[in-house]
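Line by line, the protein sequences are chains A and B.
So the first sequence is numbered by the numbering used here: it starts at 1 and just counts up by one.
So the second sequence is numbered by the numbering used here: it starts at 373 and just counts up by one.
Among the clues, some could well be false.
Computed far set for chain B versus chain A, every beta-carbon distance over 12 angstroms [said to hold, decoys possible]:
1. Ser-377
2. Arg-425
3. Asp-470
4. Arg-530
5. Phe-564
6. Phe-591
7. Lys-652
8. Val-843
9. Ile-846
10. Ala-961
11. Tyr-963
Examples of chain A residues toward chain B, derived with CB under 7 angstroms [to be verified]:
12. Asp-92
13. Thr-93
14. Gly-95
15. Phe-283
16. Glu-286
17. Gln-337
18. Gln-341
19. Ala-345
20. Asp-347
21. Gly-350
22. Ala-353
23. Ile-362
Everything labelled a hint here was simulated from the structure, so no lab data went into it.
Just so it is clear, CB atoms sit at the ideal spot from N, CA and C, and this is done for glycine as well.
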Amino acid sequence: MTTTDLGMPTHGSAPVDPRGGTALVPRLEEGATTLTKKDFTSDQEVRWCPGCGDYAVLAAVQGFLPDLGLRRENIVFVSGIGCSSRFPYYLDTYGMHSIHGRAPAIATGLATSRPDLSVWVVTGDGDALSIGGNHLIHALRRNVNLTILLFNNKIYGLTKGQYSPTSEVGKVTKSTPLGSVDQPFNPVSLALGAEASFVARTMDSDRKHLTSVLRAAAEHRGTALVEIYQNCPIFNDGAFELIKDRSQQEARIVPLAAGEPVRVGAEGERQVLVRRPGGGLSFVPEAEVDGLEVVVHDPGAEDPSQAFALSRLDSTAMTHVPMGIFRDVQRPTYDDQVRAQVAAAVDTAGGPATEHDLDRLIRGKDTWVVRS
Amino acid sequence: MSSKSVQQLDRVVIRFAGDSGDGMQLTGDRFTSETAALGNDLSTLPNFPAEIRAPQGTLPGVSSFQLHFADHDVLTPGDAPDVLVAMNPAALKANLRDLPRGATVIANTDEFTKRNLAKVGYDQSPLEDGSLESWHVHPVALTSITVEALAGFRGLSRKEKERAKNMFALGLLSWMYHRPTQGTEQFLKSKFGAHPEVLEANLAALRAGLNYGETTEDFSVSYEIAPARMAAGEYRNVTGNMALAYGLVSAAHRAGVPLVLGSYPITPASDILHTLSGLKRYGVTTMQCEDEIAGIGAALGASFGGAMGVTTTSGPGVALKSETIGLGVALELPLVVVDVQRGGPSTGLPTKTEQADLLQAMFGRNGESPVAIVAPRSPADCFDTALEAVRIATTYRTPVFVLSDGYLANGSEPWRLPSVGDLPDLTVEFATAPNAVDDDGTPVFLPFLRDEETLARPWAVPGTPGLEHRVGGIEKADRTGNISYDPDNHDHMTRLRAAKIERIAASIPDLEVDDPSGEAKVLVLGWGSTYGPIAAAVRSVRNTGANVARAHLRHLNPFPANTGEVLRRYERVVVPEMNLGQLALLLRARYLVDVRSFTRVRGLPFTTVELADAIVSATQEVTP
Ligand SMILES: Cc1ncc(C[n+]2csc(CCOP(=O)(O)OP(=O)(O)O)c2C)c(N)n1
Ligand code: SF4
Ligand SMILES: [Mg+2]
Numbered sequence: 001m002t003t004t005d006l007g008m009p010t011h012g013s014a015p016v017d018p019r020g021g022t023a024l025v026p027r028l029e030e031g032a033t034t035l036t037k038k039d040f041t042s043d044q045e046v047r048w049c050p051g052c053g054d055y056a057v058l059a060a061v062q063g064f065l066p067d068l069g070l071r072r073e074n075i076v077f078v079s080g081i082g083c084s085s086r087f088p089y090y091l092d093t094y095g096m097h098s099i100h101g102r103a104p105a106i107a108t109g110l111a112t113s114r115p116d117l118s119v120w121v122v123t124g125d126g127d128a129l130s131i132g133g134n135h136l137i138h139a140l141r142r143n144v145n146l147t148i149l150l151f152n153n154k155i156y157g158l159t160k161g162q163y164s165p166t167s168e169v170g171k172v173t174k175s176t177p178l179g180s181v182d183q184p185f186n187p188v189s190l191a192l193g194a195e196a197s198f199v200a201r202t203m204d205s206d207r208k209h210l211t212s213v214l215r216a217a218a219e220h221r222g223t224a225l226v227e228i229y230q231n232c233p234i235f236n237d238g239a240f241e242l243i244k245d246r247s248q249q250e251a252r253i254v255p256l257a258a259g260e261p262v263r264v265g266a267e268g269e270r271q272v273l274v275r276r277p278g279g280g281l282s283f284v285p286e287a288e289v290d291g292l293e294v295v296v297h298d299p300g301a302e303d304p305s306q307a308f309a310l311s312r313l314d315s316t317a318m319t320h321v322p323m324g325i326f327r328d329v330q331r332p333t334y335d336d337q338v339r340a341q342v343a344a345a346v347d348t349a350g351g352p353a354t355e356h357d358l359d360r361l362i363r364g365k366d367t368w369v370v371r372s
Numbered sequence: 373m374s375s376k377s378v379q380q381l382d383r384v385v386i387r388f389a390g391d392s393g394d395g396m397q398l399t400g401d402r403f404t405s406e407t408a409a410l411g412n413d414l415s416t417l418p419n420f421p422a423e424i425r426a427p428q429g430t431l432p433g434v435s436s437f438q439l440h441f442a443d444h445d446v447l448t449p450g451d452a453p454d455v456l457v458a459m460n461p462a463a464l465k466a467n468l469r470d471l472p473r474g475a476t477v478i479a480n481t482d483e484f485t486k487r488n489l490a491k492v493g494y495d496q497s498p499l500e501d502g503s504l505e506s507w508h509v510h511p512v513a514l515t516s517i518t519v520e521a522l523a524g525f526r527g528l529s530r531k532e533k534e535r536a537k538n539m540f541a542l543g544l545l546s547w548m549y550h551r552p553t554q555g556t557e558q559f560l561k562s563k564f565g566a567h568p569e570v571l572e573a574n575l576a577a578l579r580a581g582l583n584y585g586e587t588t589e590d591f592s593v594s595y596e597i598a599p600a601r602m603a604a605g606e607y608r609n610v611t612g613n614m615a616l617a618y619g620l621v622s623a624a625h626r627a628g629v630p631l632v633l634g635s636y637p638i639t640p641a642s643d644i645l646h647t648l649s650g651l652k653r654y655g656v657t658t659m660q661c662e663d664e665i666a667g668i669g670a671a672l673g674a675s676f677g678g679a680m681g682v683t684t685t686s687g688p689g690v691a692l693k694s695e696t697i698g699l700g701v702a703l704e705l706p707l708v709v710v711d712v713q714r715g716g717p718s719t720g721l722p723t724k725t726e727q728a729d730l731l732q733a734m735f736g737r738n739g740e741s742p743v744a745i746v747a748p749r750s751p752a753d754c755f756d757t758a759l760e761a762v763r764i765a766t767t768y769r770t771p772v773f774v775l776s777d778g779y780l781a782n783g784s785e786p787w788r789l790p791s792v793g794d795l796p797d798l799t800v801e802f803a804t805a806p807n808a809v810d811d812d813g814t815p816v817f818l819p820f821l822r823d824e825e826t827l828a829r830p831w832a833v834p835g836t837p838g839l840e841h842r843v844g845g846i847e848k849a850d851r852t853g854n855i856s857y858d859p860d861n862h863d864h865m866t867r868l869r870a871a872k873i874e875r876i877a878a879s880i881p882d883l884e885v886d887d888p889s890g891e892a893k894v895l896v897l898g899w900g901s902t903y904g905p906i907a908a909a910v911r912s913v914r915n916t917g918a919n920v921a922r923a924h925l926r927h928l929n930p931f932p933a934n935t936g937e938v939l940r941r942y943e944r945v946v947v948p949e950m951n952l953g954q955l956a957l958l959l960r961a962r963y964l965v966d967v968r969s970f971t972r973v974r975g976l977p978f979t980t981v982e983l984a985d986a987i988v989s990a991t992q993e994v995t996p
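Throw the hints in and build the complete structure from the sequences for me.
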């Protein structure tokens, strides 16, 4: 999986910030001993169930964080509540295990007031899309400089197996003995609809892909949403079996590569995504594409409609599941702009406020003097 | 000057009342400013409907502004107006019952049309049917005189001219009470500078009002109120919300940390958000978040990062923030929660005042979740209370509630300006190094190792090398902060968190009692915005020769250390509150003292008279 140069789309007259996601975060000095996975492993015993997909993601993150070259004390993980949200306890960085659904809001306050931090949010499908749905969409629309890891196991793990907002219709769980009746969210579609500037999907079991997506997400300045398909062997085992099973994987996973036609299937059975005259997308055998408009993936496209159309290829039946970066565009971030407004106001006034300035502020324009 | 007679008065209460669109708040504000400039002490009470513009001319659309000014210290906005300016029949009808017989009514006759009278259920004009005989009525064709005075303004429509009628009314009242109008002229110039014709029209209307008083037979007397004797210093007039915003900024400055506000608009707290949003030059960061939960979340996130996180709201917003306040209790991070209380439950009375969130602040969370609570007693006192909240939050690493209310928020009074450099030093100290050694003698950082005096834990912010640690809402082991489900540890931690809040009492002054004779058997104890009304009522009872003592709580949790002793000193303790007895409940539970509640929830401050009556009956009960 590669990320290509995504170009720099312009957005009207708004300034585009070319800095990467960690540009303002202090780095380890040249020549300093590089950190290792061990430096990011806390002394706390990991308490997920045996075989839980969260272990693989934790290992991938611990293994990848040293590559960022950042000072460890400038990395913060903020999580909500759920099995996945225990994540911060196991990383030897700063961390906050907060309350159910609210991590994006808390992280927004932290990231806005501390540009020198690399702020990560860890959340689950229930945490991010049920109770915290509001905070998630608003973080995305604001484009706060955060990397959000959304562990999607299509179930409520910590509360022992109720259906979640990503569970397929008809899901039988303790709270839906006759099957669930509500339509699930597609987290990628939702994020794209919420003006997200970076949206990707990856999987717990593919360490290489997971790491490459995390890297691109960390490099993105703005909110990066990474949906991670995660198996819960206890309450929703095999939820992603169709795309994990080697014999079916190739026919179902649609790897997204920037600048490449969108394809699926093994050599010989390959199908290519084309745009039908009416505008709809469909796969056709490679041999039959002549004269048809082949869809070339462009995560940097300003218009999110093609990325959205790609996200819709994934029905809950998992016939075709795009994996990779759907969208990666630059637009001004909330926190940069909030800080810029404050900095400009301070600059214009000639520097940080002194006690004298505050005295003048509280005096206002309308005072009178009482003499003794 | 005038050949008309001038009378000296010691105090006056004026109420401006009109349609929401009539500009009564502005008129009141300007009159207040003129009065302040003249050196009277004063107190104001705006009263407006929750609807932005209820149908014109109807009772729900009436907005009013009351001002009490005097040549002595003023404690309340006044029980009842001496003068009512009624811009239409609805304003008259809505306010008449508050108007004592003999008071003055200035009514805008132009609006007393058949249609407008019918809108509020008058069959006949009360200006003509004799029903106002007991009052001094000045019928003034305010609208048409204004329009006539502006005849020369050809660029303005009739509607635009009519809009200046509030300036005419202001001019007339300014003449009646000898108020200087230069400030208002300055104000109009900066407001309408970009529209010269509108500016000139407003100035002309103001002057027309002054001249009208001067020349019309109907107004034969004008009044002077000598300046009040106030402590020497420079003063301004300030509302509670503004003083609170300035207090927060000044406190953060004295603490040496940035102020970060996460908020969501709600009446009557929004003005704090508005004011702070304009203070970027002072390093203030404000975030208007997607809801109250996000607002406090952003504030807490900022506090985790070493800022002074603040959230501002009213009662319904506090309900939404409860879970995050609990998280703040568990994380033991500084956080200030400003609750500008309004009438409840639910949406209740958004623009009216009440003190019914005390128990919500105290107990409105799951688990044993103690927080500090402070309450300002007057608009200007909101400044000092904000400082105190920041002091407690940063020293004890705890959420602190500031319980203001709608009356304080919008009411105003003269404020003797402090000098920021003279405010208490609130400098915070962040943890920078390990604070313990492990079994092998290696230095380690224990995020829940406490300061022996305050029981506060270290504030170690991200970016500090070597102090990486995790905090969370799950119960933590003492000292290490690691997850712990151990029964004894939970019991210990629960008691520690409670003890930490109790320790605050060691840093606050004793409850002071005002008992000049030393012979009082009755103590009147208040909190929050009832300070002024209680003080005024106690003063009036003392004027009858009775002895009564008075005390006021700024700290509601913990209470000052001597509170129990003070309560037990008196035969009877009366606790007036704008709720159904919430402080009384806490005092009874805590001190086993049979305090008596006196309560009103009318959305308005207590009147001096009703409080004085209650105090008198209490004194009669204890003095056979
Ligand atoms: C306010 C609140 N409501 C409910 C809960 C109970 N609860 C904890 S985790 C959870 C669902 C978690 O599901 P998900 O986010 O998918 O995380 P997972 O455990 O699957 O990783 C619920 C309902 C809670 N902790 N707080
Ligand atoms: S319940 Fe599922 S998601 Fe939670 S730890 Fe166990 S396996 Fe993992
Ligand atoms: Mg889940």
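Consistency of the hints with the structure:
{"no.": "1", "hint": "Ser-377", "in the structure": "28 angstroms, holds"}
{"no.": "2", "hint": "Arg-425", "in the structure": "28 angstroms, holds"}
{"no.": "3", "hint": "Asp-470", "in the structure": "29 angstroms, holds"}
{"no.": "4", "hint": "Arg-530", "in the structure": "33 angstroms, holds"}
{"no.": "5", "hint": "Phe-564", "in the structure": "16 angstroms, holds"}
{"no.": "6", "hint": "Phe-591", "in the structure": "27 angstroms, holds"}
{"no.": "7", "hint": "Lys-652", "in the structure": "4 angstroms, violated"}
{"no.": "8", "hint": "Val-843", "in the structure": "6 angstroms, violated"}
{"no.": "9", "hint": "Ile-846", "in the structure": "7 angstroms, violated"}
{"no.": "10", "hint": "Ala-961", "in the structure": "29 angstroms, holds"}
{"no.": "11", "hint": "Tyr-963", "in the structure": "35 angstroms, holds"}
{"no.": "12", "hint": "Asp-92", "in the structure": "6 angstroms, holds"}
{"no.": "13", "hint": "Thr-93", "in the structure": "6 angstroms, holds"}
{"no.": "14", "hint": "Gly-95", "in the structure": "4 angstroms, holds"}
{"no.": "15", "hint": "Phe-283", "in the structure": "39 angstroms, violated"}
{"no.": "16", "hint": "Glu-286", "in the structure": "46 angstroms, violated"}
{"no.": "17", "hint": "Gln-337", "in the structure": "11 angstroms, violated"}
{"no.": "18", "hint": "Gln-341", "in the structure": "6 angstroms, holds"}
{"no.": "19", "hint": "Ala-345", "in the structure": "4 angstroms, holds"}
{"no.": "20", "hint": "Asp-347", "in the structure": "9 angstroms, violated"}
{"no.": "21", "hint": "Gly-350", "in the structure": "10 angstroms, violated"}
{"no.": "22", "hint": "Ala-353", "in the structure": "4 angstroms, holds"}
{"no.": "23", "hint": "Ile-362", "in the structure": "5 angstroms, holds"}
Against the hints set out earlier in the document, violations occur for numbers 7, 8, 9, 15, 16, 17, 20 and 21.
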